[in-house]
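Asker: Single-letter residue listing:
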Amino acid sequence: MARQGVWQLQKLILNYCEFSGSSRGARVFVEKLWPEFTAGNPQLDATLHVHPGRHPNLTAQYLNGRVRTVGLRNEDPDEIMRQAILLRSSTGRKAALQVKTRQVSRNPSIQGPWTPAVQDALKQKQPLGA
Amino acid sequence: MNKDKILKLAKGFRGRSKNCIRVARERVEKSLQYAFRDRKAKKRDMRALWIQQINAGARQYGVKYSSLISGLAAQNVGLNRKMLSELARTEPLSFKALVDQVAHMRGLSAPHAGAALK
Chain A
0 MARQGVWQLQ
10 KLILNYCEFS
20 GSSRGARVFV
30 EKLWPEFTAG
40 NPQLDATLHV
50 HPGRHPNLTA
60 QYLNGRVRTV
70 GLRNEDPDEI
80 MRQAILLRSS
90 TGRKAALQVK
100 TRQVSRNPSI
110 QGPWTPAVQD
120 ALKQKQPLGA
Chain B
0 MNKDKILKLA
10 KGFRGRSKNC
20 IRVARERVEK
30 SLQYAFRDRK
40 AKKRDMRALW
50 IQQINAGARQ
60 YGVKYSSLIS
70 GLAAQNVGLN
80 RKMLSELART
90 EPLSFKALVD
100 QVAHMRGLSA
110 PHAGAALK
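Protein chains in written order, with numbering that gives the first Met the number 0: chain A, 0 to 129; chain B, 0 to 117.
Chain A extracted, bound-state conformation:
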């Protein structure tokens, strides 16, 4: 993601192993989809790093100094692509918007809040069915 014309993701490192099973998807990704991803993102410093014996991951470094790591153990190449795009589309900020479900209103009542006077008036009314 770019803010005011400045890309937030500066560096993306794909760590993977050349032999282990958990890196299988990552190896296919490196072979098939990585060139496409790098070509489409010239602004990004995208590097490959072989890390033998370890599970694969994507390490993203952002402009604000935050480092995000996404584990790719046993993931499909499509999923890895999705994660790479997700990292590129993010800023380094933490979740800025907390979900708050409490609703506060200046006009909580439309018909007018209940009072004993309102109740007396309502009691006089006949029910709709009757």
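Which chain A residues face chain B? A few, computed with CB under 8 Å, are given here:
#1 107
#2 109
#3 110
#4 113
#5 117
#6 118
Simulated crosslink set (SDA-like; lysine to any residue; CA at most 25 Å straight-line):
#7 A/99 - B/40
#8 B/39 - A/101
#9 B/81 - A/115
Here are some chain B residues the structure puts well away from chain A; computed CB gaps all over 10 Å:
#10 4
#11 19
#12 20
#13 40
#14 51
#15 54
#16 64
In case anyone wonders, no lab produced these hints; they're calculated from the structure. Small disclaimer: the values here were computed from a predicted structure and weren't measured. Virtual Cβ for every residue (Gly too), placed ideally from N, Cα, C.
For this one, chain A is given, so just place chain B on it according to the hints.
Answerer: Chain B alone, transformed into the frame defined by chain A:
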């Protein structure tokens, strides 16, 4: 390091519990236990409150809470207790309409509704 955190959590406590670390530590521990327990209890308490409010609102028209809830369910009205209590409090006309609908369905009209309660 931890002392300051504890004393910060102990703000508003009574007596030495808010100032003296040895006392505050115990009271803060207890307060956190209560907070854990009551986060779960709050949900129960709120529901009980809503039920009381709906009951009171419905009995104004001579319909009991149980009748109202089962009647609304029978007519496929999906309003939950939270919303019903909101209506009873802030939209008395709408609430009356719901109660009347249930009373009509049950064959209780306003003059006889008082007798149903007795």
